[in-house]
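Novice: So the sequences go chain by chain: A and B. Taking this note's numbering, I'd label the letters of the first sequence as residues 17 to 169. Taking this note's numbering, I'd label the letters of the second sequence as residues 604 to 867.
Since the hints were made in silico from the structure, they are not lab data. Just so it is clear, CB atoms sit at the ideal spot from N, CA and C, and this is done for glycine as well. Heads up, none of these hints are tricks.
Looking from chain B toward chain A, a few residues come up when the C-beta cut is under 8 Å (computed):
| hint | residue |
| --- | --- |
| 1 | Ser795 |
| 2 | Arg798 |
| 3 | Leu855 |
Here are the simulated lysine-lysine pairs, BS3-like style, with alpha carbons at most 30 Å apart:
| hint | chain 1 | residue 1 | chain 2 | residue 2 |
| --- | --- | --- | --- | --- |
| 4 | B | Lys768 | A | Lys131 |
| 5 | A | Lys65 | B | Lys801 |
| 6 | B | Lys768 | A | Lys65 |
| 7 | B | Lys768 | B | Lys700 |
| 8 | B | Lys689 | A | Lys65 |
| 9 | B | Lys689 | A | Lys131 |
| 10 | B | Lys741 | B | Lys700 |
| 11 | B | Lys741 | B | Lys728 |
| 12 | A | Lys65 | B | Lys856 |
| 13 | B | Lys801 | A | Lys131 |
| 14 | B | Lys856 | A | Lys19 |
| 15 | B | Lys689 | B | Lys700 |
Now for the letters of each chain:
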Amino acid sequence: MTKARRLGAAVVRMVADGLMPALLLILIFIWSRDVLAGHGSPLLLDTIKGAVIALATLALSLAGISAAVAPSRREWRLLPVSNDAASAIRRRVMVLAIVVAADVFLWAALTNEAKSPEFITVYAMLACAARALALLPLLRGRLWRLQAFGVTP
Amino acid sequence: MSLKPFTAVWLATLLTLIVFGQVSRAQTPIGDAAPPSAQIANDAASLSSVDTKLAVPENRWERVLLSAEDYVASGQSITSQTELYKELLDDVLASAKPLRESSISEMGEAEALLDALGPAPDSEKNEAEPDEVADQRKQYQAELDRLTSAIARAEVAIVRIETLKTGLAGLAREQLANQLNQRTTDPWSVTSLGRGVKEFALSIGHVLAAPASWRASLEPAEWRDLADRRLPLFLAGLVATALISLLLRGMLKRRYAMQPVPRA
Numbered sequence: 017m018t019k020a021r022r023l024g025a026a027v028v029r030m031v032a033d034g035l036m037p038a039l040l041l042i043l044i045f046i047w048s049r050d051v052l053a054g055h056g057s058p059l060l061l062d063t064i065k066g067a068v069i070a071l072a073t074l075a076l077s078l079a080g081i082s083a084a085v086a087p088s089r090r091e092w093r094l095l096p097v098s099n100d101a102a103s104a105i106r107r108r109v110m111v112l113a114i115v116v117a118a119d120v121f122l123w124a125a126l127t128n129e130a131k132s133p134e135f136i137t138v139y140a141m142l143a144c145a146a147r148a149l150a151l152l153p154l155l156r157g158r159l160w161r162l163q164a165f166g167v168t169p
Numbered sequence: 604m605s606l607k608p609f610t611a612v613w614l615a616t617l618l619t620l621i622v623f624g625q626v627s628r629a630q631t632p633i634g635d636a637a638p639p640s641a642q643i644a645n646d647a648a649s650l651s652s653v654d655t656k657l658a659v660p661e662n663r664w665e666r667v668l669l670s671a672e673d674y675v676a677s678g679q680s681i682t683s684q685t686e687l688y689k690e691l692l693d694d695v696l697a698s699a700k701p702l703r704e705s706s707i708s709e710m711g712e713a714e715a716l717l718d719a720l721g722p723a724p725d726s727e728k729n730e731a732e733p734d735e736v737a738d739q740r741k742q743y744q745a746e747l748d749r750l751t752s753a754i755a756r757a758e759v760a761i762v763r764i765e766t767l768k769t770g771l772a773g774l775a776r777e778q779l780a781n782q783l784n785q786r787t788t789d790p791w792s793v794t795s796l797g798r799g800v801k802e803f804a805l806s807i808g809h810v811l812a813a814p815a816s817w818r819a820s821l822e823p824a825e826w827r828d829l830a831d832r833r834l835p836l837f838l839a840g841l842v843a844t845a846l847i848s849l850l851l852r853g854m855l856k857r858r859y860a861m862q863p864v865p866r867a
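Start from the sequences, fold in the hints, and give me the full structure.
Specialist: The following block contains the structure:
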């Protein structure tokens, strides 16, 4: 399998599973703004905006990582890592994407009104801690041990 | 049965829409006055259908301008509100400028017609003119007065918008300066943690209650308009687009995506 072929297939997967749902979500947000024009409250619109951005982030992240590591299709994998490592990377990136999406949603929805310094401090601490905790498992060296293509782990 | 992540994202999207779309259908409206934010949103809706006739748009402009002036005078800046007011002011400006230009051009025509009638007779010298000419002169003069007044009101609105935009920019600058200069509290202090967690829980409550409180703030006529006309269209369009996207996605993946490689 040539590198160009693998890259092409990964781009198609990214478009089909990430970009298309993300575009659909953005379309939904624009429509919902039109539907609610004159009837919507800013809090509701910000909540919808947060949900849309969070889901789009999630779709793009999941599609991106699945396209790059292709855990169930070794021959199509862009990163030369073992099957186990590919599954583990995908799983851990998914957890990180969920944490980031939740943060994006909460920040968009909760900061609709002015917040106190206590709230901002506590929220920032929790959000950063969650991101760091989700990121740390991805830094393990054994996940990123590269292998030559065609070598069975 | 295991749920694939992409299927889960699609389902979550659909679920979000259904929840927001069909929100609290069974709830009874409380009938309270609409909160200021809803009023702002109403202004935006009114502005989108601005009539080109003179008397109609100016009342809407006035509502938006007064509301924006109150907001700037309050000195409290909320990013989303500031952005909303900027959009509203741009809308007003976009309708005030063409109105001023068209009125100026119409005024030129009215002045030319009035000039064509010649100078008005001097009443002190007991000069008179035929009734038909006098009626026409009166009609052209009334038109000229109406246009002068429209131009003046559009000019005033434009000047007020410029002042308000400066005010909004000042509020945003002040908010940024406050954020940069703000001393954050100690995250490990029990008091800060307590207050922060309490406010966090309250805010989550507000977000969860947003659809219900939005529904409660709607007048029955507004809700009927949404539920009977806009939402079904929105949902139908949404389902159709989602189905087409799924079809396209399937085709794209079948043709070009990763396929199992046959073993030699």
